[in-house]
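Novice: Just need the whole structure built from these sequences, with the hints factored in.
2 protein chains.
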Amino acid sequence: MAAVAQEATAAVSERHRKTMADNKDLKLPSRAEDFSEWYNTLVLRAELADYAPVRGCMIVRPYGWALWENIQQALDRRFKATGHVNAQFPLLIPRSFIEKEKSHVEGFSPELAVVTHGGGQELEEPLVVRPTSETIIGHAYSKWIQSYRDLPVLINQWANVVRWELRTRLFLRTLEFFWQEGHTAHATAEEAQEETLRMIEVYRDFAENEAAVPVIVGRKSETERFAGADDTYTIEAMMGDGKALQSGTSHNLGQNFAKAFEIKYLDKNGVLQHCWTTSWGISTRFVGAIIMTHGDDQGLILPPRLAPHQVVIVPIYKTDEEKAAVLGAARRLRGQLAAAEVRTVLDEREGTSPGFKFNDWEMRGVPLRIEVGPKDVAKGTVVLARRDKPGREGKSFVPQEGLAAAVTETLASIQKSLYERALAFRVGNTVEPEDYGEFTAAVEKGFAYAPWCGDAGCEKSVKEDTKATLRCIPLGQSGDAGTCIRCGKPAKAKAYFAKAY
Amino acid sequence: MAAVAQEATAAVSERHRKTMADNKDLKLPSRAEDFSEWYNTLVLRAELADYAPVRGCMIVRPYGWALWENIQQALDRRFKATGHVNAQFPLLIPRSFIEKEKSHVEGFSPELAVVTHGGGQELEEPLVVRPTSETIIGHAYSKWIQSYRDLPVLINQWANVVRWELRTRLFLRTLEFFWQEGHTAHATAEEAQEETLRMIEVYRDFAENEAAVPVIVGRKSETERFAGADDTYTIEAMMGDGKALQSGTSHNLGQNFAKAFEIKYLDKNGVLQHCWTTSWGISTRFVGAIIMTHGDDQGLILPPRLAPHQVVIVPIYKTDEEKAAVLGAARRLRGQLAAAEVRTVLDEREGTSPGFKFNDWEMRGVPLRIEVGPKDVAKGTVVLARRDKPGREGKSFVPQEGLAAAVTETLASIQKSLYERALAFRVGNTVEPEDYGEFTAAVEKGFAYAPWCGDAGCEKSVKEDTKATLRCIPLGQSGDAGTCIRCGKPAKAKAYFAKAY
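Line by line, the protein sequences are chains A and B. Quick note: the first sequence uses this note's numbering, first residue 522, plus one each step. Quick note: the second sequence uses this note's numbering, first residue 522, plus one each step.
Note that identical chains are pooled: a pair holds if it fits in a single copy or bridges any two copies.
Here are the simulated DSBU-like cross-link-like pairs (lysine-lysine), alpha carbons at most 30 Å apart as the crow flies:
1. 937 to 966
2. 785 to 878
3. 601 to 844
4. 1013 to 764
Because the hints were derived from the structure by calculation, they are not lab data.
Specialist: This is the structure we're talking about:
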């Protein structure tokens, strides 16, 4: 037994050895050189996450988790403002539950992690580690909901889920990931549809106003829908390489789960009715969206509203006398900024040069750097250096007095400029193609916005021809959509197509 | 396949049917009648939690989760104030990891849930759903820690864990539970010991000042130590039936995990050293501590600092005219209280009487009720009714003007009186026995504080004789401890003995 255990351990260690080098020594390639490798290296180098010993799993390191906690707070505030409450449903689900909703089982069966043994015994019925919680929550709702008075039920949970993916990337697609999943039940189809749209709008607002990530809101095609939904809405963002990232989804589940799990209520007339349900989620994948939307060849650039550290103060000195004066000023300024609720870190590390510190915090994407040297102390000024504008362009000298106001203003300006830059990049890399030739060229470098006949066959052909998928059909379209970019028949609507993560 | 699935589903549903009645109709027995059934019923009836379809798992309902979120915030604030950061380590651990530390594997092997299949394939090496994370975190630390400059590492995670328990109770002992686990690494034994004690003190402070749960801080005997620790410190609370509940623990792991996982650092002299590590945790079990410390025959009593709703406003009216006036006043008061950051709910439910609402919120343990009727509106007053003092004794009439200040003061008074009452109960049910006869009588109804020779044999005999276990050896004892209550040999220290959850 001991020998077997040791052998297995050795195998795991071997598999993990390639990630055992100190991540601090990794060199970041440029985005133009190799975008994919730039991403992987940056996640490790900025200490957002690390590989776990189990294939495809990740460790979210403190810096990455602090970013996720800020994302959580920004979303949770919005969920509560729209009447939702949090709860926690079990990790382990009887396998039979997954099999109750026909499309759901088809979608999720291939991705399940299965617990077959517990407490040294083989289980009577295998348990599934939740890949998503519609089934177990549907089961609970069938008990809790009895009457129209119990509706709507508006519950969210922050949880980990497991999907057995074959090709994994840190944050973007991992076996275990972290997310929130909202699950609501309503008396009418109209209310469920309202909720579905309300939450995709909450996601848009969050993405654009907190993460500075511009998104396109739209409906998914039938092919791309959530397994078990009548309709899926999505926010789609363009990454720095022109590819799309599905960044959040909201599903109108119709009565599919209500029928599979018998979620019923007595209406005002005493008639038993099935509920209408929705679900919606944003995951740690969104961290990937932030990295690939804003990052540059020096590293991360974090939007000020979500950055764990909004400001880093780097003291610059040579002599002990200078050090005392500079650190004194730097600590005073940190206090000022903290009082103004600016998340500020003062880098007092010994034995590393200011230049090393500049690079280090640029790699980690801190939006604003404050440099304080002996001359600044003498003049009562500091240097502000914006992370989003390199070199001289991003530098300014400001007085120490009233620094908090200047900093707050600069952070707001950085937030705005990150959004505008990302939007300009998306607009510049989106084409409304005249013909299929232009279309296939467009999806090589960005988004194509093109008429589509509504046929899944055309969608499939496009994917086979170009590897691009239909990302979404934007809401609120009117007028003549033209003719399908693939088959030339009358189009039902215009849709975004792109290669996607 | 479909038939098999349906059969399995039927079995699960059958198993779950007994919990499918509407919890709202459950009748709460008195504590004297059946403390255990009082507890189980109260958890369901107050909608803190519900049974999951998988044996021993629980659903934490919104009201219970809101309480847990307040616990989380109170703890997280303290962790950050003592220099810790949060991260997230993987749920799935290679089974071989658990086997690396000898005592650890002995302690946890019988309780493991094992994933043997993923993505439709049998796994090469089975994975364990984490029962605790010393091993996977030790593995990560062995990579991240290279030099004394990297120390100390002070990380906490909020997570779910699974232990295959045979006898389960909602919150107290569930297969899956929710907790925080801190894991730290240090350069010296002294620093690790300081950290271990720092965190048990953080837990004491939290328990007493946030949850109003008085605790005894002490060291565990070797028998009761965490599997893999050199020393375990605990906070022990007395429940309403006189039994002890271990409410939080902090472990000095010595170099045990550092050696098993090769967590090493280069010291200032360039010599490779093993680190010294600690771990510490509080779980959803603490919700059980709050219920069983403060609850009475009417239901929960939640400490104001942690209560999801600190105040409920119940409007009282008969006519439509009264309703308009009363609701107007009630909403205005809610606004006043919300502005003063008092967590307030206004119960505007139609079709239920004020009496029903009083009972309902008493069951849910809201610390303070405000009653507003037509006469109150006319006189500019309200009735305050304290949850901790029944009937007239807890009632007072106060002016609407300046209500927030009166409410804040009353909540502080309730918080204080809950603590004092619980402390008086513990003191009243703790005996310092003169002989073993008194000892065995004492542990039938509460705690016995008695001299112990330090021998595990005596500890075992006590357990066999009385079912009481050694809960802890309080810190800071001095002087002669007397003679062992069981064997009469010279005692090493005095210890608390009690039956325990």
